[in-house]
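**Student:** Using the supplied hints, reconstruct the complex from the two chains, each of which is provided in its own coordinate frame.
Protein sequence lines correspond, in order, to chains A and B.
182 is the number of the first residue of the first sequence in this note's numbering; add one for each residue after it.
27 is the number of the first residue of the second sequence in this note's numbering; add one for each residue after it.
Be aware that one or more of the hints could be misleading.
Simulated coverage check for chain B against chain A, where a stretch passes if three residues somewhere in it have a Cβ under 8 Å from a Cβ of chain A [stated by the list, open to error]: (1) 58-67; (2) 107-120; (3) 128-135.
These are computed hints drawn from the structure, not numbers from a lab.
Even for Gly, the Cβ is constructed at its ideal location relative to N, Cα and C.
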Amino acid sequence: EADIYQTPRYLVIGTGKKITLECSQTMGHDKMYWYQQDPGMELHLIHYSYGVNSTEKGDLSSESTVSRIRTEHFPLTLESARPSHTSQYLCASSEQGTNYGYTFGSGTRLTVV
Amino acid sequence: AQSVTQLGSHVSVSEGALVLLRCNYSSSVPPYLFWYVQYPNQGLQLLLKYTSAATLVKGINGFEAEFKKSETSFHLTKPSAHMSDAAEYFCAVSQNTGFQKLVFGTGTRLLVSP
Numbered sequence: 182e183a184d185i186y187q188t189p190r191y192l193v194i195g196t197g198k199k200i201t202l203e204c205s206q207t208m209g210h211d212k213m214y215w216y217q218q219d220p221g222m223e224l225h226l227i228h229y230s231y232g233v234n235s236t237e238k239g240d241l242s243s244e245s246t247v248s249r250i251r252t253e254h255f256p257l258t259l260e261s262a263r264p265s266h267t268s269q270y271l272c273a274s275s276e277q278g279t280n281y282g283y284t285f286g287s288g289t290r291l292t293v294v
Numbered sequence: 027a028q029s030v031t032q033l034g035s036h037v038s039v040s041e042g043a044l045v046l047l048r049c050n051y052s053s054s055v056p057p058y059l060f061w062y063v064q065y066p067n068q069g070l071q072l073l074l075k076y077t078s079a080a081t082l083v084k085g086i087n088g089f090e091a092e093f094k095k096s097e098t099s100f101h102l103t104k105p106s107a108h109m110s111d112a113a114e115y116f117c118a119v120s121q122n123t124g125f126q127k128l129v130f131g132t133g134t135r136l137l138v139s140p
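In isolation and in its complexed conformation, chain B is listed as follows (with noise of 0.2 Å):
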């Protein structure tokens, strides 16, 4: 079954500073692969995904992610951190049998300072 990780419930970084939140899957098919950002009081809205097609993946709001299959890893990153990017982040995983649901990680938290 898939199963994504992710590393560190809290991020904290200072405006303009580099943004890395790390999200590893588990999978024994080719994976599709999913960012979503979750905003005080929203619902989810999806960042970015990964379908097979580029290895470099980029979204909205200058977020970029890269599937490294060697790493079994799906880090999604952003050059310089604006106070609008604090929320939370959930990595996510289709399952590519029965259903075929997304499986979620347990999200991060990006804090970002002045």
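Same shape as in the complex, but just chain A (with noise of 0.2 Å):
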């Protein structure tokens, strides 16, 4: 089944360390995205990419990098976790065209401690 996943749905980590979020899909979206959801559910774009090698800055600036050397891989890593990053982390994907919604993934809930 067509799907976007997303690994970890939980992770608690200690500051500084280094961490990567994974997020796949098998539907062949050329378009994916990462947002940064807080508790006040306002949804932030952190990431986009067109396709492969191709990765952009959203709206929010955030100390992450994102790489896409697959159609079907877009990871999102900190290279040092700090508290103000503990966040949902929700990654999504599209279709060409403006007509087309996203397909979300169940998101990362990530806690630095």
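**Tutor:** This is the structure:
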């Protein structure tokens, strides 16, 4: 079944650790996105990608980085986690064109202690 | 640039009552509009979308929304609320320039009481 997968679902990690949040989709979508969602529930776009080898920063400045080496894979990395990075991270993908919605993963809830 | 405004961060209804969640958009070109639902500790799920075909759009779980150009609105309704409808709802507009991102509203939490 075509879907988008995020791992891990929950992560508690110490300050200063390097972490990678995984996101993979099986739909062959070219466009992929990372959103940060804080307890107030508003969504903030932090990274997006047009396709392989394309990455762009989103509307909200983030210390994280992303890569897109394969169409289906769009991991997000934090080199040194801090408590301010505690949030929910949502990955999404979409087809080309403006009339397609996004398909979202289930999210990763990150807590940095 | 396109934007959406969701009126009311929280809406409370009784089970069986009408659900009305408000969304107004701003767009200089005909927009594509979307409603998403988010259950606790989950990602967002597409409820319905308007893409310039019919102005009344039916979605999943008995929800529907009507596109009203004169009012620049795309309100979400359901005739009879169910306890399982309690969730966060996001309205979004597709940005028709550049990368063509979706621009999300700030969300409305629907609370359903017995």
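**Student:** Hint by hint, which ones does this structure get wrong, listed from lowest number up?
**Tutor:** When the structure is compared with the hints, none of them turns out to be violated.
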